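Asker: So the chains spell out like this:
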Amino acid sequence: MVERAGRALLSRRRRELLLGAVVLALLAALPLGVSGAYLRGLIVLALLYAGLSQAWNILGGYCGQISLGHALYFGIGAYTSALLFTRAGLSPFIGMFAGGLLSGLSAFLVGIPCFRLSGHYYAIATIVIGMMAALLASNWDFINAAQGITIPFHGEAWRNLQFRTAVLPFHYVMLVYAALMWLIAWVIEGSRWGFYWRAVKDDVTAARSLGVSIYPSKLAAAAISGAATGIGGALYAQYVGFIDPESAFDLSLSVLIALPAVVGGIGTLWGPLLGAAVLIPVQQLSVAWFGSAAGGIDLMVYGALIMVLALSRPEGLVSFFHPRARQEAVDHG
Amino acid sequence: MAEPLLQIREISKSFGSVAANVDISFDVTEGEILGLIGPNGAGKSSLFNIIAGEIAPDRGEILFAGQRISGIGAVACARLGIGRTFQVVRSFDSMTVLENVMVGAFLRARRTRAALRRAEEVIAVCGLAGRSDTVAHRLSPPEKRRLEIARALATDPRLLLLDEVLTGLTPTEAREGMQLVRDLRAQGITIIMVEHVMEVLLPLIDRAVVLNLGRKLVEGVPAEIVRHPEVIRAYLGDRYSG
Numbered sequence: 001m002v003e004r005a006g007r008a009l010l011s012r013r014r015r016e017l018l019l020g021a022v023v024l025a026l027l028a029a030l031p032l033g034v035s036g037a038y039l040r041g042l043i044v045l046a047l048l049y050a051g052l053s054q055a056w057n058i059l060g061g062y063c064g065q066i067s068l069g070h071a072l073y074f075g076i077g078a079y080t081s082a083l084l085f086t087r088a089g090l091s092p093f094i095g096m097f098a099g100g101l102l103s104g105l106s107a108f109l110v111g112i113p114c115f116r117l118s119g120h121y122y123a124i125a126t127i128v129i130g131m132m133a134a135l136l137a138s139n140w141d142f143i144n145a146a147q148g149i150t151i152p153f154h155g156e157a158w159r160n161l162q163f164r165t166a167v168l169p170f171h172y173v174m175l176v177y178a179a180l181m182w183l184i185a186w187v188i189e190g191s192r193w194g195f196y197w198r199a200v201k202d203d204v205t206a207a208r209s210l211g212v213s214i215y216p217s218k219l220a221a222a223a224i225s226g227a228a229t230g231i232g233g234a235l236y237a238q239y240v241g242f243i244d245p246e247s248a249f250d251l252s253l254s255v256l257i258a259l260p261a262v263v264g265g266i267g268t269l270w271g272p273l274l275g276a277a278v279l280i281p282v283q284q285l286s287v288a289w290f291g292s293a294a295g296g297i298d299l300m301v302y303g304a305l306i307m308v309l310a311l312s313r314p315e316g317l318v319s320f321f322h323p324r325a326r327q328e329a330v331d332h333g
Numbered sequence: 334m335a336e337p338l339l340q341i342r343e344i345s346k347s348f349g350s351v352a353a354n355v356d357i358s359f360d361v362t363e364g365e366i367l368g369l370i371g372p373n374g375a376g377k378s379s380l381f382n383i384i385a386g387e388i389a390p391d392r393g394e395i396l397f398a399g400q401r402i403s404g405i406g407a408v409a410c411a412r413l414g415i416g417r418t419f420q421v422v423r424s425f426d427s428m429t430v431l432e433n434v435m436v437g438a439f440l441r442a443r444r445t446r447a448a449l450r451r452a453e454e455v456i457a458v459c460g461l462a463g464r465s466d467t468v469a470h471r472l473s474p475p476e477k478r479r480l481e482i483a484r485a486l487a488t489d490p491r492l493l494l495l496d497e498v499l500t501g502l503t504p505t506e507a508r509e510g511m512q513l514v515r516d517l518r519a520q521g522i523t524i525i526m527v528e529h530v531m532e533v534l535l536p537l538i539d540r541a542v543v544l545n546l547g548r549k550l551v552e553g554v555p556a557e558i559v560r561h562p563e564v565i566r567a568y569l570g571d572r573y574s575g
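These protein sequences, in sequence, are chains C and P.
By this note's numbering, the letter at position 318 of the first sequence is numbered 318, and the numbering carries on one by one without gaps.
Quick note: to get this note's numbering, add 333 to the position in the second sequence (first position is 1).
It is worth saying that the hints were derived from the structure and are not from the lab.
Being a predicted model, the structure only gives us computed values, none of them experimental.
Take the hints with a grain of salt, since some may be wrong.
[Said to hold, decoys possible] Derived lysine to aspartate or glutamate pairs resembling DMTMM-like cross-links, with alpha carbons at most 20 Å apart: (1) P/K477 / C/D203; (2) P/K477 / C/D202; (3) P/K477 / P/E506.
[Stated by the list, open to error] If you want the ones that stay clear, here's a sample from chain C, every Cβ over 12 Å from chain P, calculated: (4) G33; (5) R116; (6) N160; (7) L183; (8) L299.
C-beta atoms are modelled at their ideal positions from N, C-alpha and C, and glycine is treated no differently.
With the sequences and hints as input, model every part of the structure.
Answerer: Here is the structure:
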């Protein structure tokens, strides 16, 4: 028999799932009310980052391992898919799984030495590995080095993930990606792994005393997170039609992937989506308004916003909606 | 006579030049409550962490149910059936009481519902039923101690190591705590309790091992222990040992 508190936990999870379905339906209907191509493009990007950041959140939020090298997995996914498409003519649907597999594997391999480190040292190690990969990518002729890869148009088809009017179909592609990432996080939250990862985040010694293997837990979280990020990279390549080391491996991308989850609410189901919904439009609009003219003002605006959010809502944007998170914020504050 | 559940054989451990444990040997019989006592710095915590697998001894070995466990690590010890609490309370602060205990329950239960049921049973036994949905960092210190016991209990241990769980409690809380320990033993769980305040422990335990300056001083039933001149000397100094 499941008692009151247990029922509360199970029904909370059911409510989240229901809310997820409602939000999915709303986002699916969103293009009906938004006609401008620019605005639609903005939403596509926000959805992509919602998915990417949720993928990051699996490792950074639930398992507490802050990675600032996720561009590596994004880049591997993007390049694998793009190379398979341009050189072997393989559908991006195959490419994204190959890319996801490879990036998951690399996240696992990166974890083997790096999870010997903990806390800030782990984060620093991931930065260094990410930067090394970016450097390698810009000098590796096989993948066109710094020139990057242009993905030629092979004709409008779902098989190719290419469309003449690119934005609307990609709205649904990115929506499915973001929704899948959300669903993975939801499943993890309710599973043994999810409980173990959160325990690892909160207290390693206590977790060990309950039979939780720390190192394998981190590696599993990293592999899943890396693979999920790689799939996002493959989708990005197909959407934009061009990738180079600058756009697929750069450190700033690693930060962009992590930020929505951090600002929205780290280790929460809704944090990445909320964060992306706020950050991506602000980032894009500040580029559009203050952009290239006086170099850097857009970044200042963007940075100021992040500071304001971090100061006023240290528990993330979810605390606006989530009573428990708000309660937490009050306690910590 | 049955084989003891836990056999500690000539355990030594040094931290740098400090010898925390020197040649310690004793047995723990299945179903008993053993007190591990001694003044501050006697080596109780070190020995405790060695039994729990958190640290490896320099020399000696420990057998649990006939199996060598020294050096196999805390995770493997937990799997074999050794549960523990911590002297400085460690809770998963971002998780609720129920979720904390479920982490322990997942050791034996693969499925979430099974872990949930196990966690609820244990929470009820430990008197935390009204607090299941509370986030751990909001608990009072005595509640946190109970949470630690509940979490360890959820792993279905054969041996439970309790580190100063009765310290810093009001008399009422301490009485409730002692009742909880008796209930656990009634379930067939063997218990080792560390406590540096002897008075709280003596009415509760079947036997005690007294440590001082890293060595085993004496071992015996509480009535013998309190009269033992060595123990009096260790606690009160030479003047009182008569």
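Asker: Now tell me if each hint is right for this structure.
Answerer: Hints, one by one, checked against the model:
1. P/K477 / C/D203: holds, 14 Å
2. P/K477 / C/D202: holds, 15 Å
3. P/K477 / P/E506: Roughly 12 Å between the alpha carbons, so the hint for P/K477 and P/E506 holds.
4. G33: Holds, since 37 Å exceeds 12 Å.
5. R116: Its Cβ never comes within 12 Å of chain P, the nearest being 16 Å, so this holds.
6. N160: Given a closest Cβ separation of 41 Å, the condition holds.
7. L183: The claim holds: C/L183 sits with its nearest Cβ about 16 Å from chain P, beyond 12 Å.
8. L299: Non-interface label stands for C/L299: nearest chain P Cβ at 32 Å, farther than 12 Å.
The structure meets every hint from the earlier list without exception.
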